[in-house]
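A.B. asks: These protein sequences, in sequence, are chains A and B.
For the first sequence, the numbering used here assigns the number 407 to the last residue and increments by one with no breaks.
For the second sequence, the numbering used here assigns the number 707 to the last residue and increments by one with no breaks.
Take these hints with a grain of salt, some might be off.
Said to hold, decoys possible - Below are the EDC-like pairs computed for lysine to aspartate or glutamate, each with C-alpha atoms no more than 20 Å apart in a straight line:
| # | chain 1 | residue 1 | chain 2 | residue 2 |
| --- | --- | --- | --- | --- |
| 1 | B | K296 | A | E383 |
| 2 | A | K362 | B | E327 |
| 3 | B | K290 | A | D348 |
| 4 | B | K290 | A | E383 |
| 5 | A | K362 | B | D326 |
| 6 | B | K290 | A | E377 |
| 7 | B | K318 | B | D270 |
Unchecked claim - Covered by chain A, according to a simulated footprint, are these stretches of chain B (three or more residues, beta-carbon under 8 Å):
| # | stretch |
| --- | --- |
| 8 | 212–218 |
| 9 | 245–254 |
| 10 | 285–293 |
| 11 | 328–338 |
| 12 | 623–631 |
Claimed, not checked - In silico negatives: residues of chain A with every beta carbon more than 10 Å from chain B:
| # | residue |
| --- | --- |
| 13 | R77 |
| 14 | T253 |
| 15 | P330 |
In case anyone wonders, no lab produced these hints; they're calculated from the structure.
Since this is a predicted model, take the numbers as computed values, not measurements.
A virtual CB, placed ideally from N, CA and C, is assigned to each residue, including glycine.
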Amino acid sequence: MARAAQEVPDAGAVWSAQDCAPGDVEEALRRLLYEQHARDDAHAPARVLNLVVVLDGEWRGEIMNRLEQVGRYHASRTIICAVDSGRTTIDATVMMTVASPSRPGELSLTRERVILEVGAKHLAKLDTIVDPLVVTDIPTVVWSPHGHPEAVDALLHLAQVVLIDSVNEPDVASALRRASELSEGAYVVDLAWLRTTPWRERVAATFDPPRWRDELRRIDHVTVRHRDDSEVAGILLVGWLASRLGWSEGGLLAANGSLRGKAKAHRHDVSIALEPDHQQAVPGLAGIEIGTSSGLTISLDRGPGGLLASRRDGKGHEQRWTVLGASRGEGGILGEGIRQALLRDPAYRRALECGEALLR
Amino acid sequence: MAVAEHENPLVEGLERLPVHPTTLVIFGGTGDLAHRKLLPAIYNLAHEGALPERFHLLAIARSDIPDDDYQKMARESIEQYSRQTPKAEVLDKLLEQVSYIPGTFDDDAVFERVKEALGAVDDEAGIAFNRVFYLSTAPSFFAQIVGRIGEHGLNHHPEAEVRVVIEKPFGTRLAEAQELNHRVLSVLDESQVYRIDHYLGKETVQNVLAFRFANGMFEPIWNRNFIDYVQITAAEDLGIGRRAGYYDSAGALRDLVQNHMLQLLSLLCMEPPVTFDADEVRDEKAKVLHAVAPPPPEAVVRAQYTAGMAEGKEAVGYLEEEGVPDDSRTETYVALRLEVDNWRWAGVPIYLRTGKRLGRKATEIAVTLKPVPHLAFEAKGSVGVQPNQLILTVQPNEGVSLSLGAKIPGSSMRIRPVNMEFLYGTSFLSQSPEAYERLIMDAMRGDPTLFTRDDEVEAQWRIIDPILATWDGEEGPLPTYPAGSHGPEEADRLLAPGHRWRAL
Numbered sequence: 048m049a050r051a052a053q054e055v056p057d058a059g060a061v062w063s064a065q066d067c068a069p070g071d072v073e074e075a076l077r078r079l080l081y082e083q084h085a086r087d088d089a090h091a092p093a094r095v096l097n098l099v100v101v102l103d104g105e106w107r108g109e110i111m112n113r114l115e116q117v118g119r120y121h122a123s124r125t126i127i128c129a130v131d132s133g134r135t136t137i138d139a140t141v142m143m144t145v146a147s148p149s150r151p152g153e154l155s156l157t158r159e160r161v162i163l164e165v166g167a168k169h170l171a172k173l174d175t176i177v178d179p180l181v182v183t184d185i186p187t188v189v190w191s192p193h194g195h196p197e198a199v200d201a202l203l204h205l206a207q208v209v210l211i212d213s214v215n216e217p218d219v220a221s222a223l224r225r226a227s228e229l230s231e232g233a234y235v236v237d238l239a240w241l242r243t244t245p246w247r248e249r250v251a252a253t254f255d256p257p258r259w260r261d262e263l264r265r266i267d268h269v270t271v272r273h274r275d276d277s278e279v280a281g282i283l284l285v286g287w288l289a290s291r292l293g294w295s296e297g298g299l300l301a302a303n304g305s306l307r308g309k310a311k312a313h314r315h316d317v318s319i320a321l322e323p324d325h326q327q328a329v330p331g332l333a334g335i336e337i338g339t340s341s342g343l344t345i346s347l348d349r350g351p352g353g354l355l356a357s358r359r360d361g362k363g364h365e366q367r368w369t370v371l372g373a374s375r376g377e378g379g380i381l382g383e384g385i386r387q388a389l390l391r392d393p394a395y396r397r398a399l400e401c402g403e404a405l406l407r
Numbered sequence: 204m205a206v207a208e209h210e211n212p213l214v215e216g217l218e219r220l221p222v223h224p225t226t227l228v229i230f231g232g233t234g235d236l237a238h239r240k241l242l243p244a245i246y247n248l249a250h251e252g253a254l255p256e257r258f259h260l261l262a263i264a265r266s267d268i269p270d271d272d273y274q275k276m277a278r279e280s281i282e283q284y285s286r287q288t289p290k291a292e293v294l295d296k297l298l299e300q301v302s303y304i305p306g307t308f309d310d311d312a313v314f315e316r317v318k319e320a321l322g323a324v325d326d327e328a329g330i331a332f333n334r335v336f337y338l339s340t341a342p343s344f345f346a347q348i349v350g351r352i353g354e355h356g357l358n359h360h361p362e363a364e365v366r367v368v369i370e371k372p373f374g375t376r377l378a379e380a381q382e383l384n385h386r387v388l389s390v391l392d393e394s395q396v397y398r399i400d401h402y403l404g405k406e407t408v409q410n411v412l413a414f415r416f417a418n419g420m421f422e423p424i425w426n427r428n429f430i431d432y433v434q435i436t437a438a439e440d441l442g443i444g445r446r447a448g449y450y451d452s453a454g455a456l457r458d459l460v461q462n463h464m465l466q467l468l469s470l471l472c473m474e475p476p477v478t479f480d481a482d483e484v485r486d487e488k489a490k491v492l493h494a495v496a497p498p499p500p501e502a503v504v505r506a507q508y509t510a511g512m513a514e515g516k517e518a519v520g521y522l523e524e525e526g527v528p529d530d531s532r533t534e535t536y537v538a539l540r541l542e543v544d545n546w547r548w549a550g551v552p553i554y555l556r557t558g559k560r561l562g563r564k565a566t567e568i569a570v571t572l573k574p575v576p577h578l579a580f581e582a583k584g585s586v587g588v589q590p591n592q593l594i595l596t597v598q599p600n601e602g603v604s605l606s607l608g609a610k611i612p613g614s615s616m617r618i619r620p621v622n623m624e625f626l627y628g629t630s631f632l633s634q635s636p637e638a639y640e641r642l643i644m645d646a647m648r649g650d651p652t653l654f655t656r657d658d659e660v661e662a663q664w665r666i667i668d669p670i671l672a673t674w675d676g677e678e679g680p681l682p683t684y685p686a687g688s689h690g691p692e693e694a695d696r697l698l699a700p701g702h703r704w705r706a707l
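Bound conformation, chain A alone (with noise of 0.2 Å):
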């Protein structure tokens, strides 16, 4: 069976420049699909969605790492804007690349990369140098992994989703604030979410056979363990079952590196641990326990070949499997940013805001 295409460049398909205007990169891109067609017209450009990186030149390079490890999620068209903070021209990069190699008759896909130098003086204004080179009609991500708020606030208008990663900032009251402020603007896709999805597939299964479900309203205790930097995930996990179960906010206050409070459901108050597990290696949640006055507490660990999951009643029985899942990576999780930016998840916001409410 085949396995996805690798992306190769399109030897020929290259055009850079230095000192230039966007006018010049947008006939470029136009002129190498031309020419790309004329000289095999087995290929075709994808039309999906544009991404605009904003990036510390510096660090490029490992965010290139992570744009090849996408997987099947390319963006049709990225455009990368890296700053160099004493630049004052523009020099720029354009290059196809290929889903190689096609079977004769069949058709391949082109995606087109910009590359775009950039000085810090030009973040202010950058969406008057990026309007010119995204396609027209199809969504614009931005993502700014470096910060370069003014950047992004920039490209707003010309972005219909803003793509963040919660856990890169600095504490978890700001991480919640921007993602706040963001969302008023655009649609957000926020990796620290995203992270937590599979933890929520699975605590919405184990909760779903009717004999189970009535416990939902018995859960007196949440216990979530995550990576030193990820607590906003946490966060977003325990606002997200706020929001769902129709918790009021209550009030988290750190302690001891931990963060500790109540929530207020419909009869008693449910206990939140959010900890952090400073054995866990990547980003994101380390495991999470779920109690009910009944009893019954169900927990969900990370491990091989996917969650390890536990269910204990009241009687002390205990069962273990494991719920199978391939690890995504961290460049599977950009991909699933990226593919995300096309759909509309609608728990998030509400996540967020009881997020907000608990940590009040």
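Start from chain A and add chain B according to the hints.
C.D. replies: Same frame as chain A, now just chain B:
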């Protein structure tokens, strides 16, 4: 939000909804389909985290091997055919959930062991798993297995769902399909029966519905007033390979027309359903099939391929293929002219053709509109004004293409056809999952929309059966076509004046 009384409030916003714990039982677990499609599809679902939270696979086949050997065989199948490169830790954990029972399908002891194994899985988990029995065996075993399932009380469970997936072909003649339906439905309710036509699991086939019913511009012209004729093509460039045993008893008509191509026809011609509820969709498809009369003999052409050139190499004829009897009269090509006798489609010829060893692999639906009533432009110097053609390509270049007349650049008004193309791959990030992944999940989830209902299967056979009956009474050699060609010349006689087969 308050916790709903009966709904799971945690599922909103989740792309993948929870699926009840399930044991999948594959009869024919060592067969070619399991090896190439089912086991890799199950791995891919595990890899994506899409399998039910708790899952067990039980395989049954004749080979007298222990669990370990079956797990080893499954590992090899997955490593060879999986769409995604397997991850060792996921594969290891999946295989821990795989067990095997050797035996024949007429042996009561086998079904008792199945019953014990299913009970043990439930007991260990403390919850009744749903049970999906997948019949991936020779068709002659279908009725027998379903009968045994009933006799051993495996057809119902007080606390869980029981479903049976039946592979194609569902019968080889109308009477056989009716008898099989009768025997299956004497054990199971129709809602428990999932008859597979894997074409329906293909994204691009489902896209026919999206194309028709999500775009306002096509439905107004989707009728006899605007459409001149329709062609549905399923051309294969390969020969029969090592499948002579199956293919020589089936032939092109049973292999592709009775199921896949009539499904494409019904999706293309059905009325808009009120909702996309499984039975609403299948009701509309069945209505189309009921409106198709069996074609008269002169509206059917069959043929066999002879030696020729394919992909730049010499290719043997059908009768020289390994395992094919010298005097075989099995058709490797068939073309039909059908009509859907209802208000929308009356008088519109619908041409179907399928064949092995044709010049190119292509599955497509071509809808040709009626020509413009008056042409003001001079024809001189034009390549010609052609009627608009809308092509829905299922494979290999999945997409939609619309041919339009356009002016050739220059001082005079000369016209030539050009294509406006939409390629599925250019507009979506996702690689389509394998059809079997979708269908296995739907069966576990309990969504029968993409499976064929009993009345649909019988309606398909009512169209096909008279053709087979006519052929039974015929003698002499069949028309032929050279391997690598576009089919037999005789197929042209099906076409009404002014119509032509599209080049492959």
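A.B. asks: Could you run down the list of hints and mark each one as holding or not?
C.D. replies: Evaluated hints:
A distance of roughly 24 Å separates the Cα atoms of B:K296 and A:E383; the hinted pair therefore is violated under the 20 Å criterion. This hinted pair checks out: A:K362 and B:E327 have alpha carbons roughly 17 Å apart, not beyond 20 Å. Under the criterion of a C-alpha separation no larger than 20 Å, the hint pairing B:K290 with A:D348 is consistent with the structure, at around 19 Å. Straight-line distance between C-alpha atoms of B:K290 and A:E383 comes to about 19 Å, which keeps the hinted pair within the 20 Å bound.
Distance restraint check for A:K362 and B:D326: the Cα-Cα separation of roughly 17 Å lies within the 20 Å cut-off, and the hinted pair is therefore satisfied. For the hint linking B:K290 to A:E377, the alpha-carbon distance of about 16 Å falls within 20 Å, and the restraint holds. For the hint linking B:K318 to B:D270, the alpha-carbon distance of about 17 Å falls within 20 Å, and the restraint holds. Interface restraint, the stretch 212–218 of chain B with chain A: holds (7 residues with C-beta to C-beta distance below 8 Å; minimum three).
With a cut-off of 8 Å between beta carbons, the stretch 245–254 of chain B has 5 residues touching chain A; three or more are needed, and the interface restraint holds. Beta-carbon proximity to chain A at under 8 Å applies to 7 residues in the stretch 285–293 of chain B; the threshold of 3 is reached and the given coverage holds. A count of 3 residues in the stretch 328–338 of chain B with a Cβ less than 8 Å from any Cβ of chain A is obtained; the coverage claim is therefore met, three being the minimum. Against chain A, the stretch 623–631 of chain B contributes 6 residues with a C-beta closer than 8 Å to a partner C-beta. That satisfies the three-residue criterion, and the hint holds.
The claim that A:R77 lies off the interface holds: its Cβ sits roughly 17 Å from the closest Cβ of chain B, which is beyond the 10 Å cut-off. The Cβ of A:T253 does not lie farther than 10 Å from every Cβ of chain B; its closest approach is about 7 Å, which violates its non-interface assignment. A:P330, annotated as away from the interface, keeps every beta carbon of chain B farther than 10 Å; the closest lies near 18 Å.
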